[in-house]
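Given the coordinates of chain G, assemble chain V onto it according to the supplied hints.
Listed in order, the protein sequences are those of chains G and V.
Once you know that position 88 of the first sequence is 88 in the numbering used here, the rest is easy, because the numbers rise by one and skip nothing.
Once you know that position 81 of the second sequence is 81 in the numbering used here, the rest is easy, because the numbers rise by one and skip nothing.
One should not assume that every hint holds.
[Unchecked claim] One-sided excerpt, in silico: chain G residues whose CB lies under 7 Å from chain V:
(1) G267
(2) D269
(3) N271
(4) L274
(5) L278
(6) R294
(7) A306
(8) L308
(9) G309
Hint data in this document are derived by calculation from the structure and do not stem from the laboratory.
Glycine residues also receive a C-beta, built at the ideal position from the N, C-alpha and C atoms.
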Amino acid sequence: MKRLLGALWLVVVGQVGAADFDYRLNARPIARDVYAFIGQTEDFTTANGGNIVNTAFIVAPQGVIVIDSGPSLRYGQQMRRAIAAVTAKPIALVINTHHHPDHFLGNQAFADVPIAALAETRTGIGADGNAFAENLFRMSGDWMKGTEVQVPTQTVTAGQLDVAGRRLQLVALDGHTGADLVIFDEPSGVLFAGDLVFNGRAPTTPHADIAHWLAGLDRLEALTREAGFKVLVPGHGAVTSDATPIRQTRAWLNWLTAAMRESASAGLDMNDVLARPLPAEFADLPMAATEYRRSVGHLFPAAEQAVLGGGK
Amino acid sequence: MKYPLTIAAIALAALMPPAEAAALRDSGDPLASARWSEMQKAFLAGAPVLFDPRVKVIAPSTAENPMQVPVTVDASGLPGVVEVVVFADFNPIVQVLRFFPEGAQASLGFRVKLQQSTPVRAAARTADGVWHVGGTWVNTVGGGCTAPSAAGASKDWQQHLNEVSGRQWSEGPNAGRLRLRIVHPMDTGLVAGTPAFFLEEINFTDAAGQRLMRVQTYEPVSENPVFTLNRNLADGPVEANGRDNNGNAFKARIAP
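For reference, chain G alone in the conformation it holds in the complex (with noise of 0.2 Å):
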């Protein structure tokens, strides 16, 4: 009885954490003048309202630099009300990794300061933004109430780049997307990863190219290793002082690939690749089942196609 009280009480209390469409937004400090909003290591839900990113700031001295933008347009608000409450400093530039809509429509709170992305992020973002955005209504329902699509202004390469007095190096990778942007950070030593990096939770690949994706894991954990380097910032779950969720992410990849080709070459179905288990290194990863399902279908028609005789 004891604990059917205690879940009533959850569900109570849930329900008003939802109904005030509040994301309870923490500035968690993570380095002098860098801060960061870490998301729940979870699907696109009605709970959630798609708070299931990272997003971060930095404080320059002339400004603020805003790095991806969140799930929604109360997002974004929040966020940006979360970083007042911090510094009285004006919003310099607000820059999106990449162009999946965790991360980039949360814009619309940003329209009157400049947006940045690279060129092939800006073009994504155009094309599939209001695909993306109908299918985040559907999963995270009021939440997303309001928003819209509110595309980069700006285009950034890599290279160096500074900002509001703040000295970024921007290195521009591919593979998560089609144009995945690192941002690093010198005078702190930040590294923000994008989703190139996940933490604790399995990666997603709906427009994943993952021999490209590796060959930035291998550039990213190199950049762990220069002098500057302090903590590392994935695109989803928690922060960290090391390359491990580097690693993790491309333990899954690697075993992904090698599960896709292994099936394809077997002669399996579909099906029967979807009816495979989890090997036990990732069956208490989150999301490892859903993602592993969800992988199946963007990634082993290639594969299949690869054996059965090619482009033929």
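Just chain V now, kept in the frame of chain G:
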């Protein structure tokens, strides 16, 4: 028992393992679909029907991609199957395919386009005229039948139309399996300005000229279809030939 069985069903149940026999019923759709009686009229009219667990329809309960929902129909546990019809109650084009297993097992893997969440069913007719029905619900965000094929966006698909790639497995746990892929847009006709254009028939024949299976395909089968068949043993090459609704024919030899 909620659904009393006919004499014929009781006789049949006596021959089956208890768990399967318990699931056998001749009325009351186990998938509780509002469209079942329409489906029964359209596909199984006038013939005796049994919901039979030996007709297995395997598909993900939630489909990641409504354009490519994997479906495996396995009626190989049911002796004497002459024809299997596959349909999806709530699809705008309900009929997916029919197959006639001759020298091959009564099983077929393929992919299908689904427009919305729906039961996907297989009805297997045995030589005595009884339709044995199995099925499963597939949930999907939908849109699979009214989205343009990828071929429509590429310039050179016509050069590859009806190209077949395939392979047979002669050893290992999947010995006797044959898989093949055919390049075809499988346009449903439900996309404005794109007429229906789809494969209609595929025949599989072994080296001795015996037919292994005939498959009649319809619009909902996915673009660039991939099929999985099971021979009782892989014995020599298989010829696959067929045509689409515009009369484009193909013929390919799949080596063991």
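Okay, the hints, checked on the actual structure:
no.	hint	in the structure
1	G267	4 Å, holds
2	D269	4 Å, holds
3	N271	4 Å, holds
4	L274	6 Å, holds
5	L278	16 Å, violated
6	R294	5 Å, holds
7	A306	10 Å, violated
8	L308	4 Å, holds
9	G309	3 Å, holds
Checked against the numbered hints above, the structure breaks hints 5 and 7 and satisfies the rest.
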